[in-house]
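Generate coordinates for the entire structure from the input sequences, incorporating the hints supplied.
Chains as they are written, first to last, in our numbering: chain A, 1 to 352; chain B, 1 to 297; chain C, 1 to 274; chain D, 1 to 427.
These are calculated hints, taken from the structure and not from any lab test. There may be inaccurate statements among the hints.
In silico DSS-like pairs for lysine-lysine, Cα to Cα no more than 30 Å straight-line [as the list claims (entries may be wrong)]: (1) C:Lys263 x B:Lys238; (2) D:Lys215 x D:Lys129; (3) C:Lys263 x B:Lys254; (4) D:Lys329 x D:Lys129; (5) B:Lys228 x B:Lys202; (6) C:Lys130 x B:Lys238; (7) B:Lys254 x B:Lys238; (8) D:Lys215 x B:Lys254; (9) D:Lys129 x D:Lys355; (10) B:Lys238 x B:Lys228; (11) A:Lys155 x A:Lys67; (12) C:Lys130 x B:Lys202; (13) A:Lys109 x A:Lys155; (14) D:Lys329 x C:Lys130; (15) D:Lys329 x B:Lys238.
Computed Cβ-Cβ distance ranges for the label pairs, DEER-style [as the list claims (entries may be wrong)]: (16) D:Glu339 x C:Gly132: 19 to 29 Å; (17) A:Ile179 x B:Ile103: 55 to 65 Å; (18) A:Ser173 x C:Pro188: 54 to 64 Å; (19) D:Gln282 x C:Leu47: 20 to 30 Å; (20) A:Arg184 x B:Glu187: 14 to 24 Å; (21) B:Ile137 x D:Pro286: 27 to 37 Å; (22) B:Glu187 x C:Ala195: 26 to 36 Å; (23) C:Arg52 x D:Pro286: 20 to 30 Å.
Just so you know, even glycine gets a beta-carbon here, dropped at the ideal spot from N, CA and C.
Okay, here's what each chain looks like letter by letter:
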Amino acid sequence: MATVTLDRLGKRYAGGGAPAVQDVTFEVAHGEFFVLLGPSGCGKSTTLRMIAGLEAITEGTLAIDGKRMNEVPARDRDIAMVFQSYALYPHMSVYDNMAFGLRRRAMPKAEIDRRVRVAAAILGLEPFLGRRPHALSGGQRQRVAVGRAIVRDPKVFLFDEPLSNLDAALRASTRQELIRLHRRLGATMIYVTHDQVEAMTMGDRICIMDHGRVAQIGAPLDVYRRPATTFVAGFLGSPPMNLLPATVADGRVRLGEATLTLPARVPEGPVTLGVRPEDLVPVPEGPLRGEVVAVEPLGAETILSLRLPGVERELMLRAGRSAPAGLGERIALVAPHDAIHLFDAATGCRLT
Amino acid sequence: MTSPRERPAWGAIVPFLLPATVFYLGLTAYPVIRTVWNSVHEVLPRREAYVGGAHYVELWADDTFWRAVRNTVTWALVAPFLEVSIALLLALALYARVPAARILRIAWFTPVLMSYVVVGIVWMWIYNYDWGAANAILRAVGLGHWAQPWLGTTDTALPALIVVTTWMWTGFNMVVLLAALHALPTEVIEAAELDRCGWGAKLTRVMVPLILPTILNLLVLSFVGKMKIFDLVWITTKGGPLWSTETVSTYVYKRAFEWSTFDLGYPSAIATVWFVIVMSFVAVLTWMVRRQQKLEY
Amino acid sequence: MWGRVLARAAVMLVIVLWTMFAAGPFLWVATISLRTTSEFMAAPYALPETWRFDKFATAWTGSGYDTYFTNSILVVFSAVAIVTAVGAMAAHALARYRFPGNRLVYLLIFSTIVLPPQITVIALFQTLAKLGLYDTRVGLTLVYAAVQLPLTVYILESFFARIPADLFDAARIDGYSEWATFWKVAFPVAMPAIATVVILNTILLWNEFLYAVVLIADDARRTLPLGIQKFMGDQLEDYGMIATGLMIAIVPVVLIYAIFSEKLIQGMTAGAVK
Amino acid sequence: MTPRRAMPGCALAAVLAAAALAAPAASQEITLWSHWAAEQPKRQFIEEAIRRFEAAHPGVTVRATWYEKNALYAALRTALRAGQGPDVFYAEPDQVEYVQNGFLLDLSQGIDWANVEPWAREIWTHGGKPYGLPLEAWTVELYVNTRLLSELGWQMPANLQFTHGQLLEIVRKARERNIVPISAGVGDRPFPGAFLTHETLLMRLGRVDYGRLLKGEIRWDDPRVVESLRAVRALVEARAFPPGVATLQLGQSHVYFHTNPGTVFFPMGSWYTSRAFNPPDQGGQPADFPLGILRMPAPDNAACPTCRTIAVGGSYVINAASRHPDKAKAFLNAFTTPEMGALWLQNVMVQTGIKADVGMVTGPRAGYFRDLAAANEGSEYFFGIPLQILQGRARDTFTQVVNTAFISGQVTVEEVVRQMNAAMGAR
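This is the structure in structure tokens:
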């Protein structure tokens, strides 16, 4: 178990162009489950690979337990990694796959055997130890990949989208298993994903990345409730936060023809107004009035799309089981004060 | 999911590439250079002397060399078309779901696995005037007056050898074409069927154009193979009669190791010229195939 | 309807004729190999009345086929072992690492596949003579390894390039050096392709003639194709015995083919299908 | 790095070790590469000579390897070029290039030349030094199946020589009876197809002018040459030769003559016996075969109808790179006794360059040898066949044109003349 510290970490490829990762700074605490979240190409995997030692670090420092690791080869960093593709050795049995990393370390045979069996017991892999990976199901392979990391008893576990090759149902249950595993091992884990549900449910903290930079770091609900940028706001939540162009003037916000009171003092001028679909409440005299242009009944809830006069983008509304209005009808909405987020129209940064 | 590769890890690359590099430089690149060097020298067992372009001048006027070039190029142009067109016919026959296609595919492929030495002897027997199978069949069907010493007359020797290479290589081409046919998306063929295309139209308008890149590759491959041919000729005719089956390879070998001159310079000049010819043919053909494929996709 | 039947019949006819054409020569040689020359001369196309399998023993010991066979095994197997190791290492380096000149090296090696052998054979003869490797099995082995190197690298490179990079990353994190990773991960994972090139190279070298005839002189070091050729001049009238010799050369190839036909076809056709 | 590095190295080491194990123990072993793999009598003679030599020289062994001629020549050319090869090997006197390139040991000393025919030594002499031991000598003969001949209504002529005109008549008669008149096979040899042609040229031109023709001093469009070629061409046009002559091989042409299908004539070197006297199941002639020996047919206006070619054939030479030159010489010298000469005649039934008394030949084959002597009586000899005199392109052209294409009817007389003139000029 260990802390992992990144200080202004950056990656620039020899070919030139924009850096793949820049200025990434955070510290993962002892035993923390830390999630790197972002769309593909945001630099999260590169960051993880730099921590693993699979990519050379071109800028900044990486430290594990306070020791600089930039020049230390992967094998000496005492980390273990679970790959998206699982990277199981197809020519080895499950047992050998797990033991492979230990053999290199000149560990006594008996100890290797003990560790493999313990890990297999934790993951329920005992019946499959003699099988080759191609004879396993996707979920079983995924567990072997985890088992290969567990036997090593490393300081840090790294996960690179380990669930994305599983089908939806399996993904949910495996998520739970991983959470239990983290509790059981109490190990430091860094987990890369593009799936916000995984990030929200698993992470002690999440770090959202965008274009190679950190957009926001925080506890999942904090990030959800107070997104630091329009990017974070738009990335988290399903459907995501409504982000609409508005103008602040005279202590009010003008959104098309509607006018809302300011939740806080902000400078006058164009802004982006954000409001989560579930925070909009239909009331007969609400300030936001529009025409329903789409109705998506999902059973437990209904998603409505509204067109507000003078606003280009449609507004999404999350309602209960029954739709408050039908297609083509007009509806009026209100949003509570503290549910209105204002962002700088140019930079996307939070104003409130 | 492949990651962008690391900057060169020379410490790992060098040991991996070194043995191959040594083999390549020592036993391929150096001999090529040495041959070119030879070609401007007289290379006798106990004497080597610079002769400049003398060998090349002699080569220019060497009828046997040009005869050999003509024979080889003829072979290299005729054989690929025979092999590939017959192979296409056979592949289509097997594609049409005949029984035992798998076994036939394996059986037809067999000749290509045999040594040219073995093949050469077998076919010398087949072409034997008195009891060879070729004449025996002709006599059996009442065409005895067509019986020939097939490898013994200037008119028939080269065609007879071309038949042998066709026999050897058609099965190979067939297997490749069959694989290409099976790899065709079934929707395309089904679409053609829905369009009420006849079998012939389906073939010429849909299937053949789709496997055209494979066909071109096979033609080039066969062409290159024939440009190298040596063993078969050496075993059967040694280039005779009257140089009618002389190939560049047999002539190089004759001049280097069979003629009583012992000079390795002149044959090296032949080899060098031939090397340039073959490589330029290959370059042009590759370019044509590439261009063709660009048109296709 | 009749048109369909006719077409079907035409297809079958083509198939039957070609099968006879393709297989006939071998079957003929097989029958001759079990008959004496006088039996053969009396009726060239008859089946053996008595199956003279003892002729194989005679050819084996009496005509030196034991020597030729041993030489072929020694040279071909050593060359294949070397070219597989050397070629796999090079293919792995070319497939896995990006470095300046990578594609140039690949192209150089690849273009050697079409190199006419005449361009090297004379100089190889000179070189081996100078090194004292002329007329030795070691010399022929090394040349064979070099000759098959391009094709080996070509086939293996495309396979190695398809091994997911994650596998190597995993081995790195598991603590293995690049060298160990190659032998313990890449090489075993590439086994299907390795097997293909091994079988392919074995067959091609088993049949090789030109380099052998130039680089080997002594009868005691001749490989099978040279051995067969040796007997075809003055003893060509002994067709029965020569056919037996031919069968000795053919049978191992056919056996390998019978066992590994799919792999072999795959290897032979690898260069042609894109 | 790790010991794994050694993998490919190991494979190489294994090869080297295997080769080292197989390397022959050198010390007192003389290696001999020889033609005659299929010629039992000659092989038996040499093997007998080896036995005697080994008995007389304890501690020295001779390891003989028997080759088919083309394979032997191919192996020798590369081996000698590489500075290797056996101590003693088979050569024929046409291989002057061996001498020119310094591959052969000078045999002036250490050989008992007094027991060698002077003309045979002369053929092997270059720059005053002899380089080869001429074991085999041979003449060009016209073998005949006397039974077939009489069935065609002809008798053996008293002087043992038909004229070209007579031969042509016999050929036509044979063809009418569906018998192939003359056997020949040039599929694997550069000379047997030319026997009839060059003997005709020799008789028509005489020894001196024939020699000048082969030296390029007389052109091939000389009327006498053209006339001779037309005489042979007349036979070709009368379908004198087997239809498969161009691909028939030397060994096959023997069988073609005496057994399958059987022809009237067979122009061949007098070493005919080395194959024909093998047991029938090894390609030899049938036990009761009615063999006769004739001189080659005489052309009209022959300058020298008694002229014929004698050639030195199989000889042994010593490799200049040999590590045991003295032992090798001792081995060769063991052949130069009248006893060995007689043994050769007795076994092989072919003339020899070793001095020997023909009268010593006894046994069941003695009659054959008397016939051979009768056919040779009064002959004026020309030394060497054209192949032993021509070099380079002239030799290649002679082989392709005169040996093969001419007698298989694929070139006209005019074409032969044109090609030969060009090739002789190109030399």
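*Of the hints given before, which are not true for this structure?*
1, 3, 5, 12, 15, 16, 18 and 20
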